[in-house]
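Q: Can you build the whole structure from these sequences, using the hints too?
Protein chains: 2
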Amino acid sequence: MTFELDKQNILGKIDKSQIGTIDSGIAEICDLINYKENYYTTSSCSGRIVLLESESDKKNEVNWLFVSHDLVDFNEASSKLSSEKDIWLRQEGAILHVCCKTIKDAEKLINLVKSIGFKRTGMISVNSRFIVEIISSEHLCAPVMKKGIKVVSDEYFKLLISEAKYKMEKNKKKLNKLTKELRNL
Amino acid sequence: MTFELDKQNILGKIDKSQIGTIDSGIAEICDLINYKENYYTTSSCSGRIVLLESESDKKNEVNWLFVSHDLVDFNEASSKLSSEKDIWLRQEGAILHVCCKTIKDAEKLINLVKSIGFKRTGMISVNSRFIVEIISSEHLCAPVMKKGIKVVSDEYFKLLISEAKYKMEKNKKKLNKLTKELRNL
Chain A
3 MTFELDKQNI
13 LGKIDKSQIG
23 TIDSGIAEIC
33 DLINYKENYY
43 TTSSCSGRIV
53 LLESESDKKN
63 EVNWLFVSHD
73 LVDFNEASSK
83 LSSEKDIWLR
93 QEGAILHVCC
103 KTIKDAEKLI
113 NLVKSIGFKR
123 TGMISVNSRF
133 IVEIISSEHL
143 CAPVMKKGIK
153 VVSDEYFKLL
163 ISEAKYKMEK
173 NKKKLNKLTK
183 ELRNL
Chain B
3 MTFELDKQNI
13 LGKIDKSQIG
23 TIDSGIAEIC
33 DLINYKENYY
43 TTSSCSGRIV
53 LLESESDKKN
63 EVNWLFVSHD
73 LVDFNEASSK
83 LSSEKDIWLR
93 QEGAILHVCC
103 KTIKDAEKLI
113 NLVKSIGFKR
123 TGMISVNSRF
133 IVEIISSEHL
143 CAPVMKKGIK
153 VVSDEYFKLL
163 ISEAKYKMEK
173 NKKKLNKLTK
183 ELRNL
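Chains as they are written, first to last, in this note's numbering: chain A, 3 to 187; chain B, 3 to 187.
Hints were generated in silico from the structure; no laboratory data involved. Be aware that one or more of the hints could be misleading.
Because identical chains cannot be distinguished in the list, a pair is counted as satisfied if it fits within a single copy or across any two copies.
Below, a list of computed lysine-lysine pairs in the DSS-like style, where the Cα atoms sit at most 25 angstroms apart [said to hold, decoys possible]:
#, residue 1, residue 2
1, K179, K87
2, K167, K148
3, K15, K176
4, K149, K172
5, K82, K121
6, K106, K116
7, K149, K38
8, K182, K149
9, K175, K148
10, K116, K103
A: Written out as structure tokens, the structure is:
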């Protein structure tokens with residue numbers, strides 16, 4: 003199948019993410035990329051603060067107790083801390099997968115986003131399709147409950163939320179820079 | 003310059019890492035890769051537990067108070083918690099940069115390591131050299147001091163260390179699997 007048909011098919015598909023649509027913090031970036039002939043996005047997240055629930059011995063099977071792509075309210079997050087299992091607070095930077103028509107197009111994109119500060123960027127597929135993964139490296143990851151017992155004080159949980167917000171703002175600044183660069187391209 | 007000359011030059015250079023040599027947890031993997039004609043390693047870390055000191059408002063300028071590629075002793079780590087600034091505890095999975103002779107060689111390596119579980123793997127350079135970055139995704143990242151004040155109890159700090167160790171062991175299992183696969187290649 004050609005790149006053009008693939009692009010048409012992928013962009014016409016139903017969004018399979020938990021919220022069922024592109025989150026607003028990264029929608030313009032996706033539009034700007036998809037508007038360009040030689041690129042299209044296959045998945046995206048503007049960054050998020052999440053509370054993940056898992057069994058201590060089955061860390062790969064997780065439930066999402068809380069997901070926010072915006073700045074988080076302490077009381078709202080705090081109200082989710084109810085579980086018989088483990089709960090982790092995580093903040094993750096933006097992530098974007100972009101399919102590129104040629105390896106030269108991929109190279110151009112990698113150089114652009116690296117110059118903006120997305121250091122953790124690379125091609126994750128090089129055989130049938132050239133897919134570039136762009137990751138904003140801000141992150142935070144700390145346990146808040148173990149086997150149903152809260153292991154953080156309210157004060158420390160507040161600090162974790164505040165640090166997560168700080169990292170989200172840094173991530174947001176980089177996304178704004180990328181939006182500007184893509185508009186000028 | 004040819005790939006072969008590059009390989010010879012890079013492998014002959016003095017190690018620029020903080021410990022001045024390849025850490026033992028990843029030395030065999032580097033040897034196995036460098037033994038293959040079409041590959042050579044340019045940097046590596048077997049995974050680590052670190053204490054990082056930084057100013058609250060200058061998070062990019064950091065001092066390394068403590069680095070361990072092995073399992074960490076609580077008392078040893080605890081004794082480093084003295085600062086007027088912020089201190090973060092971080093656990094990071096293994097990271098490996100491998101230069102590949104052709105894009106086909108890069109593709110082969112990416113497919114191999116992804117099948118083992120190194121999901122965060124991609125080509126970070128595609129122009130003058132084909133460099134594959136392999137990252138083990140385990141991580142932990144939590145504040146332990148803010149502006150010189152300890153913000154974690156001994157109990158919680160112990161829990162952080164124990165969770166960091168658990169993630170290091172998971173990381174180690176994947177490295178062992180990679181060693182085995184490389185030996186069989």
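Q: Hint compliance check: list the failing hint numbers for this structure, sorted ascending.
A: Going through the list in order, the structure violates hints 1, 3, 5, 7, 8 and respects the others.
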